[in-house]
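Residue 24 is where the sequence shown starts when you use our numbering, and the numbers rise one by one after that.
Derived by calculation from the structure, the hints in this document are not laboratory data. Note that the coordinates shown come from a computational prediction; the quantities given were computed from them, not determined experimentally.
Using 25 angstroms as the maximum straight-line C-alpha spacing, the simulated PhoX-like pairs for lysine-lysine come out as follows: (1) K213 x K176; (2) K221 x K176; (3) K88 x K103; (4) K34 x K213; (5) K176 x K88; (6) K172 x K213; (7) K103 x K195; (8) K105 x K195; (9) K172 x K221; (10) K88 x K105; (11) K172 x K88; (12) K221 x K34.
Label pairs and their computed distance ranges (CB to CB): (13) R98 x L267: 36 to 46 angstroms; (14) L96 x A170: 32 to 42 angstroms; (15) A170 x M234: 12 to 22 angstroms; (16) S63 x R273: 10 to 20 angstroms.
Just so it is clear, CB atoms sit at the ideal spot from N, CA and C, and this is done for glycine as well.
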Amino acid sequence: MAPAVDEAILKLAQARRLTGTSCLVDGDSFVQNAPALRQSTLQKGLHLNFTEFASQAGVYAMPLKQVIIRSLLHRLDDQKVKDSVARQLDRFEEVMGQGPDYIDGHQHVHQLPMIREALLAEMERRYAASMPWLRYTGAQRLATGFAFKDRFKAQIIAGLGSRDLLRLARAKGVTLNTGFTGVYDFQGGKERYSALVKAWLAVMQHGDSMMCHPSLSSVQDDPVGLQRQAEYEVLAGDEMQQWLNQYSLRIA
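Please work from the sequences and hints to get the whole structure.
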């Protein structure tokens with residue numbers, strides 16, 4: 024995505040604080056930092072994109088609101104969706120020298136109608152012998168014990184397609200994470216993020232996934248750049264290991 028983000032991810036990987044990272048294959052730093060990622064212990068994922076880099080040749084993308092509305096109305100260009108999924112997987116394989124270990128979506132677009140069907144069909148065509156796993160955004164872990172403001176966004180995201188993706192993926196034998204945390208409004212700095220991480224860890228179970236967005240410094244034109252720094256500081260801090268021990272959790 025950006026050098027400061029990539030460097031934060033690699034540092035957290037060295038500290039054994041991450042399981043994997045998702046790659047925007049059209050991002051400026053993907054090729055540059057691919058060698059370091061290949062050498063890391065991280066799972067390497069494709070961060071499927073339909074909302075960024077619209078000005079680049081061959082990229083089919085539009086603002087998130089348009090993607091959501093058009094997908095729900097089945098008004099996306101079906102062939103362009105299929106071509107975009109294939110192109111991004113081609114690019115990932117070309118640069119990384121392997122297929123993705125897992126696939127998720129930038130702004131969770133992978134679970135939307137039309138996109139999810141195209142993705143699953145392409146996965147089956149390419150990787151039938153060994154399927155990547157998919158990110159499931161179900162918010163069931165937040166059903167109790169969380170304030171409305173701390174679960175509202177997660178429930179909206181889940182409502183846009185998590186159940187249908189789960190059903191369709193399982194029908195094809197695709198593995199998904201069992202629960203999902205890490206969604207919030209990117210507000211509150213280090214103090215609030217610390218409280219959220221501890222609360223998420225308290226309810227997580229085997230096979231769950233927690234999303235994060237760390238950075239070593241603020242990225243230009245990134246509205247959540249300062250919060251990314253806060254995330255990095257929390258995830259890299261000593262308290263993170265203490266919480267993992269407290270709740271008998273291990274980062275796989």
